[in-house]
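Protein chains: 2
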Amino acid sequence: MKVVSVRDFKLQRESDYGTPEQNETVKAVVQAVRAEGDAALLRYTEQFDNMKLESYQLRVPEDELKAAYDHVEPSFVTAIRAAADNIRTFHMKQKRSSWMDLQPDGSILGQIIRPLKRVGVYVPGGKAAYPSSVLMNVIPAQVAGVPEIVMVTPPATRGKEGIDPYILVAAAEAGVTEIYRVGGAQAIAALAYGTDSISPVDKICGPGNIYVALAKREVYGVVNIDSMAGPSEIVVLADDTAQPSFIAADLLSQAEHDEMASAVLVTPSQSLAEAVSAEVERQLELLPRRDIARASVDSYGAIIVTDTLKEGIEVVNRLAPEHLEIVTEEPMALVGQIENAGAIFLGPYSSEPVGDYFAGPNHIIPTNGTARFASPVDLDDFIKKSSMIYYSKEALLRDGETIMELARREGLEGHARAISVRLEQEQKQEKK
Amino acid sequence: MKVVSVRDFKLQRESDYGTPEQNETVKAVVQAVRAEGDAALLRYTEQFDNMKLESYQLRVPEDELKAAYDHVEPSFVTAIRAAADNIRTFHMKQKRSSWMDLQPDGSILGQIIRPLKRVGVYVPGGKAAYPSSVLMNVIPAQVAGVPEIVMVTPPATRGKEGIDPYILVAAAEAGVTEIYRVGGAQAIAALAYGTDSISPVDKICGPGNIYVALAKREVYGVVNIDSMAGPSEIVVLADDTAQPSFIAADLLSQAEHDEMASAVLVTPSQSLAEAVSAEVERQLELLPRRDIARASVDSYGAIIVTDTLKEGIEVVNRLAPEHLEIVTEEPMALVGQIENAGAIFLGPYSSEPVGDYFAGPNHIIPTNGTARFASPVDLDDFIKKSSMIYYSKEALLRDGETIMELARREGLEGHARAISVRLEQEQKQEKK
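Top to bottom, those sequences are chains C and B.
Sequential numbering of the first sequence, starting at 1, is according to the UniProt record's numbering.
Sequential numbering of the second sequence, starting at 1, is according to the UniProt record's numbering.
Keep in mind that the hints were calculated from the coordinates and are not lab data.
Hints are not guaranteed to be accurate.
Reference listing, derived: stretches of chain B covered by chain C, where coverage requires no fewer than 3 residues with Cβ under 8 Å from a Cβ of chain C [claimed, not checked]:
| id | segment |
| --- | --- |
| 1 | 64-70 |
| 2 | 185-192 |
| 3 | 205-212 |
| 4 | 248-260 |
| 5 | 325-339 |
Ideal Cβ positions, reconstructed from N, Cα and C, are used throughout, including at glycine.
Work out the full structure, taking the sequences as your base and the hints as a guide.
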């Protein structure tokens, strides 16, 4: 693994906006589903997924969901339930309540917090179909109180017949309320505009290929969508106290995701840098996905040696990584100085896969330097807020003139008159 | 004002994505500013704003800000301070703290909540330059703890010489930390990519013309942006207890905003419908902005008579309006049934302009039916969250096998090995 200078290294990469052809295909698919509904859905499912279905077959029946449990190991069910419990427990702590501020003049100001009504979760059918992602997208919606959580997924996962039973079990455990066997841009269009078989949703989330990503962007505004995720990234900030074999394994766990994943070590220790570099080479050869990991390490991996730990923290803040591990003598003491990082893993036992699968915080985390302004998925992604104003007569009589002053200064006399019509009526009634 | 059927009425309209020419202009401007920095900024300012500036003149000096107070009425300063106080007080109640969940096994899970570091606020120079909008964009950022709040605005407001003093006073009162006299797509590009004179920001908010809107979309991802606001909307839900003159004035206060604004009354009372219709005609003729209000009322206004109040609530939820007034016998009793509305005004004295200027809740509210999934601007728009995982050795020894089970099920052996390398080391040490 190569050692590079801080100045030359950039974690951020350009986003993928698709080719003009892909954009055109997606626009056509979305418009057709919007106009024709189920007919277009079924046509594209036959065309793109080689599956001839009737409308009534789109929805996966309860029986099929139950049967999926017979096709997975009991140890998997136990494990997914334990993970789901932890994720639920963590996200429960993000619950927020509507609140009111009662004024002595009788006025009430407040903020009403409510779950979205209906959410769609896309689950891909290719190699990126991960049961853990189903949990991470669905459980926050469910904990937020979203009553209808709709999953869409291509009619066959990983080229096998039917939907992967592991995905179905994860969906059932997470609390999905409806499942439809439809994927691609056509599934996104159905969720946005609705068809006879699928009612429209308020928000669409979940990962997908470029067609799914472009379709989500296309329907944005009609519904809400989640952020587009780039390739996964990890930055490890470590000092001499770190165990090279642990760090190397953690870097590789990220590198094996895909060729464009990025794994970076930042350390003021030259000896750790060299030891980790050697360990990465040793462990890499033993990995089943070594070709992917090798490509990732060669193209997007780096070991950056800094003069000081402080300089290392500056590098981290500039990279704003999706995942950050801090493996130093006293990691907690450094957290306050981390300005930009999606998820922060502290100490030698907080290996990044602990968070990917199990600890409880969400594994859908801002990539591509966007941790500067974006956040991991949480309950806030599945609520909506309304402000509430109940102004008393006393308050309006007191503040009316000031409000009119501000309105008139902006040239909005009609705004001022909405106040004056009330003040005048009060004056009339006082005279009586 | 016309009475229409529920079935035929739609509040939602298509968004404006600009002409191909506008899109091309914006792309060219953004790329030039990104590549050339200040030189491009100054060139476009001369070209589009007829103002020849040098780099050192871009930033508005402290003196000019202070001098602005001499050009506005003391009553305006008093009013804007009172409004700023209320807005600050309301938004303070949205403050959230980082939190930790301490486990008996020594693990700590948590969520770290931090303000964004640098935010840019666009303030238009045309007719839509409103001091109240400066407060509504800046104060939430300031209350959230954003240390650097940068305002950009064209070098001349409303065609007059220099920046409107009312805008400058509002900026000073709201807590803007830097002001630059630059507008249009070039200002947005400067905020996103930075130039010698203007450092880049993490998020850009504030209204603007189509070029500004397209430029914001163009730089989205490099920085965060706020939602695009459509024309303003109000729906009033009222019964026989409502005063027709109040309702008419409130509808017109919305209609005077622009020709595409929408003002709608929903009521089960035929007599109220007729009385409001007559009042709208009477009051409309007296308005300075009657031409605009007339166009809005004719094209996008409506009085919808429903069979029952319950049906009226259903209409409201379907329309998902930006502003909703409930003027009924017991408005509080209906709030729980309102699923979709950006801001809810209750009772006869909560006229919508009270919220536009003064009460405290934000006046930047989702339009175009997006209250189904979006929320008014608040502190959440100016923070970022990081999750934190500190896993103890005890916890990893307990959960390691389960985590490996889940990782291997997804074919990610590298993830499993990041755990096993740690478990094996513990076993070795136990043997010693």
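Each hint tested on the structure:
1. 64-70: Answer violated; 0 residues pass the 8 Å Cβ test.
2. 185-192: This one is violated; 0 residues, fewer than the three required, reach chain C with a Cβ under 8 Å.
3. 205-212: violated (count 0)
4. 248-260: n = 7 at 8 Å, threshold three: holds.
5. 325-339: n = 5 at 8 Å, threshold three: holds.
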